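Enquirer: Take the sequence shown: its position 5, counted from the start at 1, is 5 in my numbering, and no numbers get skipped.
Since the hints were made in silico from the structure, they are not lab data.
This structure is a prediction, so every number in the text was calculated from the model and none was measured.
It is possible that part of the hints are untrue.
[Stated by the list, open to error] With a Cα cut of at most 30 Å, we get these calculated DSS-like pairs of lysine-lysine: (1) Lys205 with Lys246; (2) Lys205 with Lys181; (3) Lys355 with Lys205; (4) Lys181 with Lys246.
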Amino acid sequence: MWFCVVSDRNDDPTTDGKNALDRGARLEIAVGGLALLMLWGALAADQAWFDRHFLPVFVMQRPAMIAAEQGLRGFVILAASLLLLTCRPIARLLSRVTLGGIARVVLACVLALGTVELILRVHPLRPHDADPFELEPRRQSDPLLGWKFVAPRSVVAREAGRAVSYNFDAAGYRVPGPGAKVDTTRPTLIFTGESIIAGFGLAWKETIPAQVGALLGIQSANLAVSDYSNDQSYLRLEAELPRFRKPVAVVTLFMPSLLDRNLLDNRPRLGLPAPQQHGRLVALLHWLIPYRSTATIDEGIMRTRDSLGTLVYLACARGAQPLIVVPQFGEASPQEEGLQHRVLDEAGWPYVRVKLDPGWRLPGDSHPDARGAQAIAAAVAARLNDKTDRCQMPTGVASGRSL
1 MWFCVVSDRN
11 DDPTTDGKNA
21 LDRGARLEIA
31 VGGLALLMLW
41 GALAADQAWF
51 DRHFLPVFVM
61 QRPAMIAAEQ
71 GLRGFVILAA
81 SLLLLTCRPI
91 ARLLSRVTLG
101 GIARVVLACV
111 LALGTVELIL
121 RVHPLRPHDA
131 DPFELEPRRQ
141 SDPLLGWKFV
151 APRSVVAREA
161 GRAVSYNFDA
171 AGYRVPGPGA
181 KVDTTRPTLI
191 FTGESIIAGF
201 GLAWKETIPA
211 QVGALLGIQS
221 ANLAVSDYSN
231 DQSYLRLEAE
241 LPRFRKPVAV
251 VTLFMPSLLD
261 RNLLDNRPRL
271 GLPAPQQHGR
281 LVALLHWLIP
291 YRSTATIDEG
301 IMRTRDSLGT
311 LVYLACARGA
321 QPLIVVPQFG
331 EASPQEEGLQ
341 HRVLDEAGWP
351 YVRVKLDPGW
361 RLPGDSHPDA
371 RGAQAIAAAV
381 AARLNDKTDR
391 CQMPTGVASG
401 RSL
């Protein structure tokens, strides 16, 4: 088994020679043991293991994600095999390394990492998973919500090969055009969420809130902000809902591929201390390798259930119909089905699932195009128009905060 440990030993009468041989043997065992450990880990990490520890990613379709995961697994297996085959010469090289040489390498690595960290800190602080605030439509920091759109403001940006007009009133709601504003005294459909609800890459009339409002003949208010988690979406609603005198419905979005945002502690979260800002290199490493323990994912699922529950409670308390929309491109994977079941079905929150053609995406982007937004809007309008769909007061939450 330990073929790499077997070495040609020349009789050496000196103690130094014997110690050198013993050191070489120990190094061969250590290198071989590391290789076997890597090989065992890679073989044990099947697709079920990846599904337990790596959540779906919105910007990456599942086939591509599986290919990346299996590619990583194959790379580790290949590296472990090569390490086993070459552990003897590697051990010989390591046996010649002095403490001074090790110290110089460690110092060089520390200096290099420190330099990279300082370079990364030159850029404005933001969550590592969020787009830069300078991208259109621009955002700015906010002490309560983490960030919000710069308002009032109107801009035309180039998105998916066409010009898209973004207009925001003084409250930061997306509106049809410059100078327009939401009349908070009228009956209103209130939408909160992230970039899909905000209508990234879509003209105003193509956005989900605008289309639902047109279908039902009721004014809509678009409170969504790009890159928000479910907690941030709720906090936005909690801050703005008192302004509306006649809220008819409150609509928000949940997707299993966005669940990871709810686990991050670098943004506002319900009932927790201020956001934690980690080192830039640590954040970058976690973004590149988003491994999650089972306990962390379980906690995130419970927190998401509570966040959506507080939103349902808040809407019902104001006499508005709550609804969670769940867009799904193509067939849901078993992983996505499981997450949806644990977050929504087990809690009993009111939701509508909308299956979308995988081709209904913006060119070169993961967001729904006008066809996708139209399908979502039609499903939301049909559900809200169902007079038998009563407001459901959730249990286990009070005053909009989880118990």
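Enquirer: Hint by hint, note whether the structure agrees.
Expert: Against the structure, the hints come out as follows:
1. Lys205 with Lys246: Distance of about 23 Å is within 30 Å: holds.
2. Lys205 with Lys181: It holds: about 15 Å lies between the C-alpha atoms, which stays within 30 Å.
3. Lys355 with Lys205: holds, 21 Å
4. Lys181 with Lys246: holds, 16 Å
Hint check: no violations occur; every hint is consistent with the structure.
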